[in-house]
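If you read the sequences in order, they're chains A and B.
The letter at position 344 of the first sequence is residue 344 when you use the numbering used here, and the numbering goes up by one with no holes.
The letter at position 107 of the second sequence is residue 107 when you use the numbering used here, and the numbering goes up by one with no holes.
It is possible that some hints are incorrect.
To be verified - Computed, partial: chain A to chain B, Cβ under 10 Å:
1. Leu-38
2. Arg-123
3. Tyr-157
4. Tyr-289
As the list claims (entries may be wrong) - Restricting the straight-line Cα-Cα distance to at most 25 Å, the calculated cross-link-like pairs of lysine to any residue (SDA-like) are:
5. A:Lys-44 with A:Ser-113
6. A:Lys-160 with B:Val-143
7. A:Lys-160 with B:Glu-120
8. A:Lys-160 with B:Glu-106
9. A:Lys-160 with B:Ser-86
10. A:Lys-44 with B:Pro-189
11. A:Lys-160 with B:Arg-187
12. A:Lys-311 with A:Asp-322
13. A:Lys-160 with B:Gly-88
14. A:Lys-160 with B:Asp-89
15. A:Lys-44 with B:Gly-167
16. A:Lys-44 with B:Leu-85
17. A:Lys-160 with B:Pro-136
18. A:Lys-44 with B:Asp-138
19. A:Lys-44 with B:Gly-71
20. A:Lys-44 with B:Glu-177
21. A:Lys-160 with A:Asp-116
22. A:Lys-160 with B:Ser-68
23. A:Lys-160 with B:Asp-168
24. A:Lys-44 with B:Asp-89
25. A:Lys-44 with B:Pro-67
26. A:Lys-160 with B:Glu-177
27. A:Lys-44 with B:Glu-137
28. A:Lys-160 with B:Gly-71
29. A:Lys-160 with B:Leu-85
Hints in this document: simulated from the structure, not taken from any laboratory.
The structure displayed is predicted, hence computed values, not measured ones.
The beta-carbon is built from N, C-alpha and C at its ideal position, and this holds for glycine as well.
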Amino acid sequence: MNGPRILSGAGRIWIPLLALGLGLALSASAEAALTYSLSTELKKANCSGDSDSDCLDNAEEGNLAWAAAPWYFYDEDEDCSGWRNSFGLPAFHFARQDFFQVRPQGGGISNWSPTDGQAKWIRLSYFFAFPHDCRSTVGFGGHQGDSEHIKLELYSYDLKTWYLYQAYYAHHDRDHYFSGTYLEDRARSLGTSWISVAADEDSHGSWPGLSADSTHCAGSEDDFCASTCDCFVGTWRNALNSGSGREVVSASRNIGGPWPESWNASVLSVSGGEAWTDMDVGHGLNREYWTPRSDQYQKFCGWECPAAYRKTDGTCSLSVHDRTGCSSQWSTKVDTTSFSLATAGSCAGNCGGSSGSCFCDAACVTYGDCCPDACSACGAC
Amino acid sequence: MNAKKIFIIPALLALAACAGSPGPVVVPNSLTPGAPGGAAFGRAAATPAVDAAASARAVREVETTLPSLRGVPPGQQLRTLRWMLSVGDDRRLASLFPDLQQDTEETLERRGATARQRLEDLADGLERAGHQAPDPEDEVARVDPDAPAPNYFPPSMLLDLERLSGGDPEAARALEEVRRASPRGSRPPGR
Numbered sequence: 001m002n003g004p005r006i007l008s009g010a011g012r013i014w015i016p017l018l019a020l021g022l023g024l025a026l027s028a029s030a031e032a033a034l035t036y037s038l039s040t041e042l043k044k045a046n047c048s049g050d051s052d053s054d055c056l057d058n059a060e061e062g063n064l065a066w067a068a069a070p071w072y073f074y075d076e077d078e079d080c081s082g083w084r085n086s087f088g089l090p091a092f093h094f095a096r097q098d099f100f101q102v103r104p105q106g107g108g109i110s111n112w113s114p115t116d117g118q119a120k121w122i123r124l125s126y127f128f129a130f131p132h133d134c135r136s137t138v139g140f141g142g143h144q145g146d147s148e149h150i151k152l153e154l155y156s157y158d159l160k161t162w163y164l165y166q167a168y169y170a171h172h173d174r175d176h177y178f179s180g181t182y183l184e185d186r187a188r189s190l191g192t193s194w195i196s197v198a199a200d201e202d203s204h205g206s207w208p209g210l211s212a213d214s215t216h217c218a219g220s221e222d223d224f225c226a227s228t229c230d231c232f233v234g235t236w237r238n239a240l241n242s243g244s245g246r247e248v249v250s251a252s253r254n255i256g257g258p259w260p261e262s263w264n265a266s267v268l269s270v271s272g273g274e275a276w277t278d279m280d281v282g283h284g285l286n287r288e289y290w291t292p293r294s295d296q297y298q299k300f301c302g303w304e305c306p307a308a309y310r311k312t313d314g315t316c317s318l319s320v321h322d323r324t325g326c327s328s329q330w331s332t333k334v335d336t337t338s339f340s341l342a343t344a345g346s347c348a349g350n351c352g353g354s355s356g357s358c359f360c361d362a363a364c365v366t367y368g369d370c371c372p373d374a375c376s377a378c379g380a381c
Numbered sequence: 001m002n003a004k005k006i007f008i009i010p011a012l013l014a015l016a017a018c019a020g021s022p023g024p025v026v027v028p029n030s031l032t033p034g035a036p037g038g039a040a041f042g043r044a045a046a047t048p049a050v051d052a053a054a055s056a057r058a059v060r061e062v063e064t065t066l067p068s069l070r071g072v073p074p075g076q077q078l079r080t081l082r083w084m085l086s087v088g089d090d091r092r093l094a095s096l097f098p099d100l101q102q103d104t105e106e107t108l109e110r111r112g113a114t115a116r117q118r119l120e121d122l123a124d125g126l127e128r129a130g131h132q133a134p135d136p137e138d139e140v141a142r143v144d145p146d147a148p149a150p151n152y153f154p155p156s157m158l159l160d161l162e163r164l165s166g167g168d169p170e171a172a173r174a175l176e177e178v179r180r181a182s183p184r185g186s187r188p189p190g191r
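If we strip away everything but chain A, and leave its shape as in the complex, we get:
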């Protein structure tokens, strides 16, 4: 019975320490998260079902985008959307056009397996393309076209169950980071399993909301308007329950993406490395590009500006709904993060960054995590 006696003495010290360690380990290893489950794996054996060169099953890309699609809220002063406009025009003139993109993160995508024990990552981007922004606040004038977006980062072990880890909400050409915990907490307090995107105070941006019973767009992130901005008709909870100014983002148009993905030619027009969308929102069939441009298409005019009126700086010489300016280039909103179907990607075009599961920056030499061509492509030797 020596054993028990020895343990009896040591136990007084070890049991609380073990319990503490266990508690810390558990608190670090599990957290509440907004969770989206597919009926089959997002990535299948031999990349079956993939048509945009990212090895992910396109049908499940669409299903995941639908499963995680945010609620969308307009402010009570909104007068420039499909929900409401102050011009007395049919809704399609101003209706938000939703698109999405699903892009894997990291390397070895073709080896992803539901049993490999590794967290696999995707970035899910939602694009909210408005034909027009009617804002008339001094210093924040409206414009033709308004391209907004958010990016969600989700991970999965089994490729069917996806957990929301974090999100980037973009507004007025700036990104703000919000943790999955922040978003889960707000969704739960509203009694829903989905995140929200609030358009803005009398305008279009993308905000996550502050708290269920307030009307604020976010916390300190929207302090530029001295806490006068509000994003909901009444409170957030009221807007969700009453339905006033509330929609669900559509996930029917998957754009694919730039290399190493390919653009989805069944949704966009694609030719010679260019991708664009033609649309008639009441001003004729006009064009906006998803790929970078340095000509008259270098801004996003919301399909309001006919080709003949587009100026070399991307703005419009024709006034449409009292505006000639256009918003920032659409292509800058597209996810271009490098990924690799093989474990190690190539540093070509990725110097200072990463490719697949390896790095292309100067520090990779110290850490020993350089991609095979980091030296030849980027001088990281």
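Given the coordinates of chain A, work out where chain B should sit on it, guided by the hints.
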């Protein structure tokens, strides 16, 4: 007293070992998507023969109504429809149909009910043609109170958070977590 402590320590050690494991226990999915199966099926145990003509009609109806399911095998279409119908909030279903999505005259609740009926009709058509699919294993969306933490972060995420973390305390906290789980120079787990 001593015997109890002997029991407690191994139990704590076993729990601690579980807490430090890299990820959740993964049970391979033995069902081929869309293929008829056994115990997991919530409907008829016997596999009826597929009526080719009825199947073609039902598939055409699905592909016309939901273009995202074009080219997807009928069993998988049925599985997806059943999965969609498992969503806990019918208002979400309206966004699957452009006409319901754009109809601002009707409430989202009414549009959601219409969408559910359409999905059920599509699923019934496939079932009547002889196709089967397992019931969904999980709800489409939920809050998981015990989501396993990620045991790996891709390099692109680390670099993105490094860029943001200077002026954003939330991003800085996330960066710490990324560096802890995936320190530079380490290989992804299982590779």
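Checked hints:
Restraint check, Leu-38 of chain A versus chain B: the minimum CB separation of about 7 Å is within 10 Å; hint holds. Proximity of Arg-123 of chain A to chain B holds as hinted, the smallest CB-CB distance being about 9 Å (cut-off 10 Å). Annotation: Tyr-157 of chain A was flagged as interfacial toward chain B, and the flag holds, the nearest CB pair being 5 Å apart, inside 10 Å. For Tyr-289 of chain A, the interface hint is violated, the least distance from its beta-carbon to any beta-carbon of chain B being 24 Å, above 10 Å.
With a CA separation close to 8 Å, the supplied pair Lys-44 of chain A and Ser-113 of chain A stays within the 25 Å bound. A threshold of 25 Å between alpha carbons decides the hint, and for Lys-160 of chain A with Val-143 of chain B the separation of about 15 Å falls inside it, so the pair holds. For the proposed pair Lys-160 of chain A and Glu-120 of chain B, the alpha carbon gap of about 23 Å is at most 25 Å, so the pair holds. The hinted pair formed by Lys-160 of chain A and Glu-106 of chain B fails the criterion: a straight-line CA distance of about 34 Å is larger than 25 Å.
At roughly 15 Å between alpha-carbon atoms, Lys-160 of chain A and Ser-86 of chain B fall within 25 Å of each other, so this suggested pair holds. Distance restraint check for Lys-44 of chain A and Pro-189 of chain B: the Cα-Cα separation of roughly 20 Å lies within the 25 Å cut-off, and the hinted pair is therefore satisfied. The suggested pairing of Lys-160 of chain A with Arg-187 of chain B holds, with an alpha-carbon distance near 24 Å, which does not exceed 25 Å. With a CA separation close to 17 Å, the supplied pair Lys-311 of chain A and Asp-322 of chain A stays within the 25 Å bound.
About 18 Å separates the Cα atoms of Lys-160 of chain A and Gly-88 of chain B, which keeps this hinted pair within 25 Å; it holds. Of the pairs offered as hints, the one joining Lys-160 of chain A and Asp-89 of chain B holds, with about 20 Å between alpha carbons and a cut-off of 25 Å not exceeded. Between Lys-44 of chain A and Gly-167 of chain B the CA atoms are separated by roughly 39 Å; this puts the pair beyond 25 Å, and the hint is violated. The hinted pair formed by Lys-44 of chain A and Leu-85 of chain B meets the criterion: a straight-line CA distance of about 23 Å does not exceed 25 Å.
Under the criterion of a C-alpha separation no larger than 25 Å, the hint pairing Lys-160 of chain A with Pro-136 of chain B is consistent with the structure, at around 11 Å. A threshold of 25 Å between alpha carbons decides the hint, and for Lys-44 of chain A with Asp-138 of chain B the separation of about 19 Å falls inside it, so the pair holds. For the hint linking Lys-44 of chain A to Gly-71 of chain B, the alpha-carbon distance of about 16 Å falls within 25 Å, and the restraint holds. Proposed proximity of Lys-44 of chain A and Glu-177 of chain B is contradicted: the alpha carbons are some 29 Å apart, above 25 Å.
As the CA atoms of Lys-160 of chain A and Asp-116 of chain A are separated by approximately 14 Å, the hinted pair is consistent with the 25 Å bound. A threshold of 25 Å between alpha carbons decides the hint, and for Lys-160 of chain A with Ser-68 of chain B the separation of about 18 Å falls inside it, so the pair holds. Of the supplied pair hints, the one linking Lys-160 of chain A and Asp-168 of chain B is violated, its CA atoms being roughly 32 Å apart against a limit of 25 Å. At most 25 Å may separate the alpha-carbon atoms for a hinted pair to count; Lys-44 of chain A and Asp-89 of chain B exceed this at roughly 28 Å.
Taking the CA atoms of Lys-44 of chain A and Pro-67 of chain B, the gap is about 21 Å. The hint holds against a cut of 25 Å. In summary, the hint linking Lys-160 of chain A to Glu-177 of chain B is supported, as the alpha carbons are separated by about 24 Å, within the 25 Å threshold. Between Lys-44 of chain A and Glu-137 of chain B the alpha-carbon distance is near 18 Å, which keeps this suggested pair within the 25 Å criterion. Restraint check for Lys-160 of chain A and Gly-71 of chain B: satisfied, since their Cα atoms lie roughly 21 Å apart, inside the 25 Å limit.
Restraint check for Lys-160 of chain A and Leu-85 of chain B: the C-alpha separation of about 17 Å stays at or below 25 Å, so the hint holds.
Going down the numbered hints, you'll see the structure goes against 4, 8, 15, 20, 23 and 24, while the others check out.
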